[in-house]
Amino acid sequence: MRLGYYPGCALHGSSNDYEQSLRACLGKLEVEPEEIREWVCCGATAAHSLNHKLSIALPGRNLALAEQQGFEEMLAPCPLCSMQLLKASKLIKEDDGLRREISSIVEGEISGRVNVLNLIQVFQQVGLDRIKGAVKKPLTDLKPACYYGCLLVRPPEVVKFDDPEQPSSMEAIVNALGAMPVEWNFRTECCGAGMTMAKEETVLDLSHRILTDAQQHGANCLVTACPMCHVNLDMKQYDIERSYSVVIKLPVYYLSDLVGLALGISREALGIDRHFVT
Amino acid sequence: MSRIGVFVCWCGENIARTVDVAQVADAAAQIPGVRSSVHYKYVCSDPGQALIREKIESEKLDAVVVASCSPHMHLKTFRKTAQRAGLNPYLVEMANIREHCSWVHHDRKQATAKAIEIIRLSVEKARNDAALQPIRVPVTRRALVIGGGVAGIQAALDIADSGHEVVMVEREPSIGGKMAGLSETFPTLDCSQCILTPRMVEVGQHPRIKLYSYSEVEKVEGFVGNFKITIRQRARYVDVNKCTGCGECWNVCPLKRNRSEFDFGMGMRPAIYIPFPQAVPARPVIDKSQCAKLIRNGCGLCEKKCKAGAINFKDEDRLVEESVGAVVVATGYKLYSIGKSQPKATLAGYGEYGYGKYKDVIDSLQFERLVSASGPTGGVLKRPSDGAIPKSVVFISCVGSRDNAKGLPYCSKICCMYTAKHSMLYKHKVHDGQAYVFYMDIRAGGKGYEEFVRRAIEQDGAQYYRGRVSKITEERGKLIVRGADTLSGTPVTIEADLVVLAAAMRPADGIEELAQKLNIGYDEFGFLLESHPKLRPVETNTAGIFIAGACHSPKDIPESVAQASAAASKVQVMLAADELTREAEIAAINEQTCAACFTCVPTCPYHAIERTEVRTPKGAFVKNTARVNPGLCMGCGTCVSVCPSKSADLQGFTDQQVYAMVESLA
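Line by line, the protein sequences give chains A and B. Going by the numbering used here, the residue at position 4 of the first sequence is 4; the numbering climbs one at a time, nothing skipped. Going by the numbering used here, the residue at position 496 of the second sequence is 496; the numbering climbs one at a time, nothing skipped.
The hints are simulated quantities; they were obtained by calculation from the structure and are not laboratory data. Bear in mind that the values here come from a model prediction, so they are computed numbers and not experimental data. Honestly, I wouldn't trust all of these hints.
[Claimed, not checked] 25 Å max Cα-Cα, derived BS3-like pairs, lysine-lysine: (1) A:K160 / B:K344; (2) A:K160 / B:K478; (3) B:K471 / A:K160; (4) B:K344 / A:K90; (5) B:K478 / A:K143; (6) A:K90 / B:K471; (7) B:K471 / A:K93.
[Unchecked claim] Facing chain B, according to a computed beta carbon distance under 10 Å, are these residues of chain A, among others: (8) P164; (9) Q166; (10) E183; (11) T188; (12) E189; (13) D205; (14) Q216; (15) H217; (16) G218; (17) N220; (18) C221.
Glycine is no exception: its CB is placed at the ideal position from the N, C-alpha and C atoms.
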């Protein structure tokens, strides 16, 4: 089946290493996501705090485009994008009046039939057994702390994915790669997200707690599936170390990095060399 | 009926203020069939009733219409009045000109006109009334009590002490219920077992109580006064008559590490066991899922050791039948399961508290066992993970209660009190420890209850925080509890050694299936429904079946006991009579016209209609027909509306009467 691909702003901008990583990794698994043509912003946090209708129309436009271009499934690797797309899809499916209104605003019929997937779900579709079979270099040295962040599993009634408090899907994938995920506490806590622009101290505090807890529970790296989390935990790690006078030096990987490494792809091809903490 | 008397009531000012009663009485006198029409200030008063009796005699009335309040209020009163004057009570009708007219209207002229029309309808109904005879059914003077917790024990003893036989069915190997496992009780801190076990022994030894433990109600047939109950006695593999309860078997059993149900997993028990030393009956059972002999024909040590020869590995479930006249349901409660697996999608669980993941996060019944003198730790509070004495304990109330988002909307009522009790018991056992309580509101209504909570806070130093806990995590052997103190508006973080969750109360497992067998109602949460929340709190809508204890709603011990005694007294009233009298307004099926389609049979909510045959006196088959069991029919009229051949009718409320009423309006 054709898989649509909605990169959102992050994967074409600050987090293009994430795109590089997942394209390399999925390519090896013979999954070729096709970018939705003429996609627009998902609305992110700005739209829904300003205008409710706009916050549905922006993802609605992308859903309409995906339908027009004949996709039934679409990968949105950024959890905020996928949550916004799923939320719009849910609201549209529940209220036919709204569906028609949004369809007319975005100048394209939306039925809400496109299935929006996050990166973990794409790996699940490929199948853990198949991934396990394709592993060339088992990651036996790695003890990753799997970090879901806030939006991958929340709000549960919108994303309907894994357990919102005690998730386990990422651990299952990491396990299949031969790595030993650690039990830790901050898997679904907030990293500070967009506060990085408005009030950096908050981000430093929250991310500091996450990194420290992961290390205390024996992790030697952290794995995430969110570009924003990666920015806060990786790029800001130096600032965290400086403000708290600590040395952390905990590498932060995208989930696709780990899968890619296990499949035998080089660090350069995955873009890991472009991370800040190495 | 053509000599009808109409009595228009003023109800003081209630009716007379809005309705011109004199004009109404005059107009009613003109309605065909009315012999006499009068108005009076309070028809329900003694002189008012005397007026009815006098008119029945002087005017030779053959039916009576009282135009006053709702029949719920006074129909019984006026029927008795008529009966005393020699009139069949079912020839009395009421026209409700108070709730349906004077109370809801302002315009006197229009209200008066409406009152006349309402009376016209009732007169028309009275014209078509027939004299009915109340139904009499014989009574089996024995009662069934389902559930052997404190409510069931109280009900059984009350009924048995009044001279009637009681059959008690308990699902667990011993009676005693949840109360037998509690440590001490609020607000007096007296020992739960010390109060309860003498009552349990009384049940076990009572000459009029027949106890079926390790048994369940399989099937219920019959109707009020005449129930036939099939009881499934589960295979115990121990002959209770031969067994002396000596204890050799459970001492010798090598499989000692099985989760104890009675200790809610805080302790272990052998595969052959009694749940606790004071169990009634003090006879063990073998858990067939654990016993090596039953699984793979190994071991068998208990059989060799038993001098009484009571072990029987070939035991099987037995079905026993018992006849009873009344049933008391007292099946109790269970706790909301806090963790991931939930029976319904609306219950999302509290994954953030890590129950089931962290060993030292336990629920309140588990805590009861840890502080109970008869518990697995002998009353020394040791935490489950490493057996250490916890120096700081966090109690979280309302876990699952009052939570529309992922729990249950209702208040579980007893948690505020037992959480205060827990904090006290903890302080009494660990003097240098600190208890913290997170609460939403403190609901301590009850005799001595508020004082008890104050004692926990002021004397025993429990630190109360008004707010919720957002997450519990584990760091270096400590549980990190993060919550909010909404009174000071600050976040709170506590490093705790033990966390106790006061989980919501839910009805016991299998309650819905049991309610369906008994044909009684239950709400969306599974709690059994009373017949009237104020005036019939222990009756159900099925005659002869009563409820007591936490199967009805969350309740503490005093309340459960009071309700059990109330249910018992209702049973005693029923069993005191030789036969039961029931209202005559039930459905009847015309067997001549019944087409035997039996549409009514599955429609009847009370299972009161049966398939039967019409035969000549010599026994020759004539036809099939449906027949109403007068003991079961509650007169709802559902069969009347579905019968295609119009053979079903409701006596005292026939189709003919309804049509006549409607036509009289035209």
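- Of the hints stated earlier, which fail here? Checked against the structure, the hints that fail are numbers 2, 6, 7, 13, 16, 17, 18, while the rest are satisfied.
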